[in-house]
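S.K.: The lines below spell out each chain.
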Amino acid sequence: MTATADEAELVTDFEAILGRRDRIEPRDWMPERYRRTLVRQIAQHAHSEIIGMQPEGAWITRAPSLRRKAILLAKVQDEAGHGLYLYSACETLGVSRQELTELLLSGRQKYSSIFNYPTLSYADVGTIGWLVDGAAICNQVPLCRTSYGPYGRAMIRICKEESFHQRQGYELLMTMQRGTDEQRAMVQESVDRFWWPSLMMFGPPDSQSPNTAQSMAWGIKRDTNDELRQKFVDMTVPQAEALGVTLPDPELAWNAERGHYDFGEPDWDELTAVISGDGPCNAERMAHRRRAHEDGAWVREAATAFAARTSEDGR
Amino acid sequence: MTATADEAELVTDFEAILGRRDRIEPRDWMPERYRRTLVRQIAQHAHSEIIGMQPEGAWITRAPSLRRKAILLAKVQDEAGHGLYLYSACETLGVSRQELTELLLSGRQKYSSIFNYPTLSYADVGTIGWLVDGAAICNQVPLCRTSYGPYGRAMIRICKEESFHQRQGYELLMTMQRGTDEQRAMVQESVDRFWWPSLMMFGPPDSQSPNTAQSMAWGIKRDTNDELRQKFVDMTVPQAEALGVTLPDPELAWNAERGHYDFGEPDWDELTAVISGDGPCNAERMAHRRRAHEDGAWVREAATAFAARTSEDGR
Amino acid sequence: ARDLATYAVMLADDALVMSQRIAEWCSNAPDLEEDVALSNVALDLLGQARLLYTRAAAVDPDGVPPLPEGSPAPPEDAFAFFRDAAGFRNVHLTEVENGDFADAVVRILVFATWRLALTERLSESTDPILAAVAAKAVKELTYHRDYAGRWVVTLAGGTEESRRRVLAAWDRVWPLRPELGATHPVEERLARAGAGVDPADVDASVDDVLRQVWDAAGMEEQGHRPATGPQGRDGRHTDALVPLLADMQSVARAHPSGRW
Amino acid sequence: ARDLATYAVMLADDALVMSQRIAEWCSNAPDLEEDVALSNVALDLLGQARLLYTRAAAVDPDGVPPLPEGSPAPPEDAFAFFRDAAGFRNVHLTEVENGDFADAVVRILVFATWRLALTERLSESTDPILAAVAAKAVKELTYHRDYAGRWVVTLAGGTEESRRRVLAAWDRVWPLRPELGATHPVEERLARAGAGVDPADVDASVDDVLRQVWDAAGMEEQGHRPATGPQGRDGRHTDALVPLLADMQSVARAHPSGRW
Chain W
1 MTATADEAEL
11 VTDFEAILGR
21 RDRIEPRDWM
31 PERYRRTLVR
41 QIAQHAHSEI
51 IGMQPEGAWI
61 TRAPSLRRKA
71 ILLAKVQDEA
81 GHGLYLYSAC
91 ETLGVSRQEL
101 TELLLSGRQK
111 YSSIFNYPTL
121 SYADVGTIGW
131 LVDGAAICNQ
141 VPLCRTSYGP
151 YGRAMIRICK
161 EESFHQRQGY
171 ELLMTMQRGT
181 DEQRAMVQES
191 VDRFWWPSLM
201 MFGPPDSQSP
211 NTAQSMAWGI
221 KRDTNDELRQ
231 KFVDMTVPQA
241 EALGVTLPDP
251 ELAWNAERGH
261 YDFGEPDWDE
271 LTAVISGDGP
281 CNAERMAHRR
291 RAHEDGAWVR
301 EAATAFAART
311 SEDGR
Chain B
316 MTATADEAEL
326 VTDFEAILGR
336 RDRIEPRDWM
346 PERYRRTLVR
356 QIAQHAHSEI
366 IGMQPEGAWI
376 TRAPSLRRKA
386 ILLAKVQDEA
396 GHGLYLYSAC
406 ETLGVSRQEL
416 TELLLSGRQK
426 YSSIFNYPTL
436 SYADVGTIGW
446 LVDGAAICNQ
456 VPLCRTSYGP
466 YGRAMIRICK
476 EESFHQRQGY
486 ELLMTMQRGT
496 DEQRAMVQES
506 VDRFWWPSLM
516 MFGPPDSQSP
526 NTAQSMAWGI
536 KRDTNDELRQ
546 KFVDMTVPQA
556 EALGVTLPDP
566 ELAWNAERGH
576 YDFGEPDWDE
586 LTAVISGDGP
596 CNAERMAHRR
606 RAHEDGAWVR
616 EAATAFAART
626 SEDGR
Chain C
631 ARDLATYAVM
641 LADDALVMSQ
651 RIAEWCSNAP
661 DLEEDVALSN
671 VALDLLGQAR
681 LLYTRAAAVD
691 PDGVPPLPEG
701 SPAPPEDAFA
711 FFRDAAGFRN
721 VHLTEVENGD
731 FADAVVRILV
741 FATWRLALTE
751 RLSESTDPIL
761 AAVAAKAVKE
771 LTYHRDYAGR
781 WVVTLAGGTE
791 ESRRRVLAAW
801 DRVWPLRPEL
811 GATHPVEERL
821 ARAGAGVDPA
831 DVDASVDDVL
841 RQVWDAAGME
851 EQGHRPATGP
861 QGRDGRHTDA
871 LVPLLADMQS
881 VARAHPSGRW
Chain E
891 ARDLATYAVM
901 LADDALVMSQ
911 RIAEWCSNAP
921 DLEEDVALSN
931 VALDLLGQAR
941 LLYTRAAAVD
951 PDGVPPLPEG
961 SPAPPEDAFA
971 FFRDAAGFRN
981 VHLTEVENGD
991 FADAVVRILV
1001 FATWRLALTE
1011 RLSESTDPIL
1021 AAVAAKAVKE
1031 LTYHRDYAGR
1041 WVVTLAGGTE
1051 ESRRRVLAAW
1061 DRVWPLRPEL
1071 GATHPVEERL
1081 ARAGAGVDPA
1091 DVDASVDDVL
1101 RQVWDAAGME
1111 EQGHRPATGP
1121 QGRDGRHTDA
1131 LVPLLADMQS
1141 VARAHPSGRW
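Protein chains in written order, with our numbering: chain W, 1 to 315; chain B, 316 to 630; chain C, 631 to 890; chain E, 891 to 1150.
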């Protein structure tokens, strides 16, 4: 990349890299729309990790065994860690964490709609691990091969941890299924609440997802929403059977012809409502995040002032 | 009372009223030291009602039956009401509630040391009713005949409600004693914690209570600390037996000669420590009160501003 | 009978959970008078809840949640202490966290206005007990509504800060308003039978009362109001109910066969 | 054996209750890095608690709190979830409410400095398991102490507000310091037997470390320190422990024979 190289040449190089499925790195030239799309996607992912700490984090203090408490605490800690990797990946695209935080807090950038649903029992900790992390993994595994280097590398690390979380969630549900009748009822009730929202995590149907084609061309998306959703359903139905829970969809059935499970249509109006701010917990999640951020302002200011002073002192 | 009447005459009149056990009223002349002693005593009593809402109030949300929740909520509400009467009585002596609140919050006026002990189980709600309200009643019944009219009348109303609370507390303990072994253990553990602090509610021994003589002469105290303490012990021991709990004092024994129960010496150093701020919950109680007061400042300001505006508007 | 009992439990749960939230104000109010008044509101609602649970248990004894073995607790306590969040039927407005004093009065105003509209009609229920409970509640709720309404007007016309706060409280409370007008199938069936009230039938009159308060307070009418179906009435709650119940039920559950 | 088990429970309760308080910071810290670091501290302490409860149960199986009938919970959970406040042996420093971030770091600094001094000696305990648990804890607590110490110095030398807040936090935490030096009879007997540590023996070295932090932070030495005997070690607690336990134990107790 030199100052004299003209735009067309840069685009050709860029597309050549994509063509051979190689990675774009921070110092490579990239089209502004590619950069902006990536920033939005990575930031939304990072924000989801941070907001996602809340629904599960609320159960750390109430975990019903010390072993489960340790597992959950470590998991939520991992989510904070994922947020850190992803904000770093985003910073390589020239946006600071502070800017991204402002975009989250002002509502101009989104986070995954799934975290606007409440967690009402300890079974939800298991269900989130199984279904929500499961759906996240379906979404994310292809992103390990995404065209932007820092993002792909962050995803590799994240996916490894997520699949660990998924197994732990499933194991919790399995254990509860071997417990009392009340516990089994808790598990079923939790799965009933999370099934449809999990399907919506893959976004609107392809017919209503206009940006998919461009993202796939850029190699920052590898499969369409509907493909991923189908993959998730196919993966999950046998797990539900092994677990002994019923997925709340009467249309769910094996289709031998397609070699896939058929399933019902999610309530897309609900998804629209949740994305536009009218989900059950949108206000609560944002208020929590804003409060934590505001409460911590004096600490961040103190750290900055202290760093400035000690570097002045030449210490 | 005229402008020409000289001091000596006023004092004579004042003492005549005391002499015939009649009441001093707000518009009567009174010696400045009498007024100041009364303000201190009534304010301390009012503050005790307000601070006393905390240790019991913390259990309202956790009351183990709806009936007990209603009883406890009504009781703590009564305490707020007692605070109101007593601050009003104090205001007739020319000190505003706001001034008194400042004196409490700055630590210049005290409240009863008993509220610096924690409440650790629901049995404490019963024990506070039985022992703490019981001790308060011993202290307060004589004050119904106190020389200052508004104070005496407030005490009549308060004592009536307090003895109702005491019966409810005792009844809770009785009920728990008919419950499980664990509940009986809770009751005993609670009585063990509250017995000595209850005895200390009567203040230091007479030998170390220099102001008692003057207060008795003024008719704002009717019995000495030790007399009241003895009365309380004599009243309480048979109740403890009926309840089936052991009072934690090996020296406790009937003295046929005196016609009273003998009992051990409370740990006066502990009382000194608690009064001087080193009790188990002093910091917590004051911090709670200050926070509630500060959190409510904007509401009080709004009410004042609104009242000023509407009276201006002639509405 | 099952419907009637469920309906009584819905109304009882609203009252109990709201009472629990208001009771959290105890010793935290801006002034002693407000401590007394808020305790009063909490006590009234607690009393309504107890009568309604008792009615539910009388109508449908099989619907009372099972107690731990050896527990001597009365039915009202079985409802209060031995159900999990998913078993509660209260609306979200009653369960969300407290916020500041402006939230408290806005929330009480909306809740009491709505519940008053329901209970006024319910006092003519074909179920004589529900009718009697409702008739008693009408007086209480009128006081709650007027108390909260006065404070809303005071805060709106007080200082800049109090106005800002009361408007912010409206913004937080208002999204919870639509659920109050959503009809649950049980409510619909009972309304048809003359034993209950369909909340949709009082929705407009609730708005009328609230509009009067807005006018008196010089506030704009609240806008955006997304449609919603029953939420809490179907056992779907916010996160906030879980810690509320954990706290409320902790002693009762620690001593499952305790006697209080 | 009874003494050894009691001693292990004292140390375990300190770690569990402190861990529980620190875990409340989760998703509330001033920055992501602090969220990660505080979770780490909480996790380390939780791990210490689990090992110590398990040791206590092995040494004195009769001392394990009784579980509800049919509960498959391991001993560590019997200790954590099926004791009431009066059964807990932790010091008050671990149980009081959280306050702000300055409280958090001051409290962790004091706690970790004290516990590090204890565990350094305890790693030479005649009980080989306690010694091993302590040796592992030494590394963890060193990190906790250094982390908190760095923040105390940073806050003291940051802005006016941060300095004011860290000084206020010291004022709140300091009254809880004397209890850390008070010797419980169990500790005394075990120290004499070489299995435990008498906290009085490390009291001066704790002060030395804290003094270094004060110096680095340019703060005055803390004054007034009323003498005290054991409090929490004897089951005498502040009000703050009760809601902490109500929350922590709520799910386990709601499902007394649950399997997790």
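Hints listed in this document are in silico derivations from the structure and should not be mistaken for laboratory results.
The structure displayed is predicted, hence computed values, not measured ones.
There could be a bad hint or two in this list.
Unchecked claim - SDA-like mimics (lysine to any residue), calculated; alpha carbons at most 25 Å apart, straight line:
id : chain 1 : residue 1 : chain 2 : residue 2
1  : C       : K766      : B       : A385
2  : E       : K1029     : W       : A74
3  : E       : K1026     : E       : D1093
4  : W       : K110      : C       : R632
5  : C       : K766      : B       : K425
6  : B       : K475      : B       : R423
7  : B       : K475      : C       : L673
8  : W       : K231      : W       : A217
9  : E       : K1029     : E       : A1117
10 : C       : K769      : B       : G396
11 : E       : K1029     : W       : W196
12 : C       : K769      : B       : R382
13 : W       : K231      : W       : W196
14 : B       : K425      : B       : M531
Stated by the list, open to error - These stretches of chain E come out as covered by chain W in the derived footprint (C-beta under 8 Å, 3 or more residues):
id : region
15 : 932-938
16 : 1083-1093
Cβ coordinates follow ideal geometry from the N, Cα and C atoms, glycine included.
S.K.: Does E/D1093 sit within 25 Å of E/K1026, going by the straight-line distance between their CA atoms?
M.R.: holds (22 Å)
S.K.: Is B/K475 close enough to B/R423, meaning Cα to Cα at most 25 Å?
M.R.: At roughly 30 Å apart (the allowed maximum being 25 Å), B/R423 and B/K475 break the hint.
S.K.: Do three or more residues of the region 932-938 of chain E come closer than 8 Å to chain W, measuring C-beta to C-beta?
M.R.: holds (count 4)
S.K.: Run the distance test for W/K110 versus C/R632: straight-line Cα separation, threshold 25 Å.
M.R.: violated (44 Å)
S.K.: Do the alpha carbons of C/K769 and B/R382 lie within 25 Å of each other, as the hint requires?
M.R.: holds (22 Å)
S.K.: Given the proposed pairing of W/K231 with W/W196, does the C-alpha separation stay at or below 25 Å?
M.R.: holds (15 Å)
S.K.: Within 25 Å, alpha carbon to alpha carbon, are E/K1029 and W/A74?
M.R.: holds (19 Å)
S.K.: Can the restraint linking W/K231 and W/A217 be considered satisfied, given a maximum Cα separation of 25 Å?
M.R.: Holds, because 21 Å separates the two Cα atoms, which is no more than 25 Å.
S.K.: Could you grab the alpha-carbon distance between C/K766 and B/A385 and see if it respects the 25 Å cut-off?
M.R.: holds (17 Å)
S.K.: B/K475 and C/L673 were given as a pair; does the straight-line alpha-carbon distance stay at or below 25 Å?
M.R.: holds (21 Å)
S.K.: Against the 25 Å threshold, does the CA-CA distance of B/K425 and B/M531 hold or violate the hint?
M.R.: Within the cut-off at roughly 21 Å; holds.
S.K.: Holds or violated: E/K1029 and W/W196, Cα atoms, limit 25 Å.
M.R.: violated (46 Å)
In the structure shown, a violation is registered for the earlier hints numbered 4, 5, 6, 9, 11 and 16, in ascending order.
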